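Work the whole structure out from these sequences, hints included.
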Amino acid sequence: MIEIDGLTKTFGRATVVEAVSLAIGAGEAVALWGENGAGKTTIIRCVLGLLRYRGSIRIAGLDAWRDGKRARQLVGYVPQELGFYDDLRVHEAVRFFGKLKGLRINDVDESLARVGLGGHGGKSIRQLSGGMKQRLALSIALLADPPVLVLDEVTASLDACGRAEFVELLASLTKSPGRATLFASHRVEEIDVLASRVVTLQRGRVTSDVDAADFVRRVGARNVLHVFLRGDRVTDALEVLNTSGISARRNGRGIFIAAEPAGRARALHRLEQADIRVEDFEIVPAPAAKETTP
Amino acid sequence: MSDAMTSSLSVRDARPPTFVSTIATISGRELRDALRSRWFLLYTLAFAVLGLGVSYASAASAGGGVSGFGRTSAGLVNLVLLVVPLMALTAGANTIASERERGMLGYLLAQAVGRVEVLIGKFLGLAGALLASICLGFGVVAGVLAWNGAATKPASLIQLAALSVALALAMLSVGLLLSTFARRTSVATGAAVFLWLAFVLVSDLGLMAGVMTFKLPIERLFAISLANPLHVFKMWSLQSVDASLDVLGPAGLYAQETYGRWLHLMFGASLALWTAVPIAVAAVFFSRRSTP
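These protein sequence lines map, in sequence, to chains A and B. Positions 14 to 307 (our numbering) are the ones given, in order, by the first sequence. Positions 16 to 307 (our numbering) are the ones given, in order, by the second sequence.
In short, the hints are calculated from the structure, not lab data. All values derive from a computational prediction rather than experimental measurement. Glycine residues also receive a C-beta, built at the ideal position from the N, C-alpha and C atoms. Watch out, some of these pointers could steer you wrong.
Stated by the list, open to error - Output of the computed footprint for chain A on chain B, the stretches with three or more beta carbons under 8 Å from beta carbons of chain A: (1) 42-51; (2) 104-112; (3) 298-306.
Below, the structure is given as structure tokens:
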């Protein structure tokens, strides 16, 4: 469904993506994994025909640049953070973007209800939270069941709770036997739930292309839990965790907790027992071992 | 996805939007956006209020009557020369640059749209807003003058409004060209204001300096005037209202005697070129350029 062959993108003298080749078939969900600047978003922008590039990108046989309009007709896209027309009402936005896809939308409310925005159709977009805007973008992306879905770090602007809910929603709505999904992420939990394959990028080059379950097993064990706390509770938290035999160290307003996946819940439970409120958390590659190629 | 949600079950079955329907969707959106914006309201109000002021002042100094209306028209021409280009240039310059800056342009272009469709859609939407603003401004002036029993020539006012729209389209096109190049709204707006100043002030002063310094012959002076859309608008409006260009002095007389009836065509062609060429250049540039 998506065929990328020898994709190279340069900005001035800097080569951001170099000779990337990749094929994504119907029913596959491929995650692009890598640190910031690895080239994930650039590849996605090339696929969407937003950037000129060298090499070839075909979507269902259509050239992503030359046949851009027809190719994008087959694509649903959710960006990292939605820059929408703020004065538009939610139902107007769905109708507007539906029209651009050549669709006449009969029931906007049903479309919104699928992503948990039922009853919000009359609100202006500026009234929506970040999470709700992402749901709106997903609702628009899924209009009329596109065969290709492209997601660009869609949870990056959400808090931990919003992230978990949105990933759950993505998992329930985006998996389809006929659909090819390409998404950029640097969160193992997203890859665990959404991906069937993981392509790792380093400095714009593909360094590995592996099965998602295998990737999660190898990388997950090397990750740490990054917990955000109130500044005055960090010392207490370190003491609680270290006395419980859990390895933890300070990192600014938070702490890094090195634990196997099963041990992370125990660490959070200990903090809760000690009445230390966790404001947010994320699972990130261990700072000392950011190289994540399995 | 259920049938109730969309009339087509899948985008694979949906008819791809045509060139015209995409342009219509985008221009409709742009028009609504512009009509709801503060700039539209402010410019329209300013244009109407200043138009009324100019009309009253001109009519009062001439003691009313139809000759008074000739002065009113001349005053309105000068007002249009200042307000309309500024309004159109800034509206055009802001449209793409601001969407690029706010991250909306990338999202829009990631949809099933062509870049030329986006550009033309934006042009038409803003043109509609400018048309509404100019018509409202002239309408208010005409209405209040008529209400007060002042002499008006509706045909002249309509002509003047139509020529103002033609000038607005040319300036909008130039503004859109600026917008496709500028990465930031502030840069686009700054460039638009600079161009406005250049058209309004520098070109007049430049012509005067040219005449005095280089002893420019009259035919060259007229040719240079034809290259400035504001000069073209001024000459065309005065000719339409007065049926002569005497008021412009020797250059006007020369043009009148040399080109006669062809002047309308020459003025029209100049404004048409000022509309078509910038938007064509913008379309080529916008279509080939990556969207950051």
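- prompt: Checking against the hints above, which ones are violated?
  reply: Result: hint 2 breaks, nothing else.
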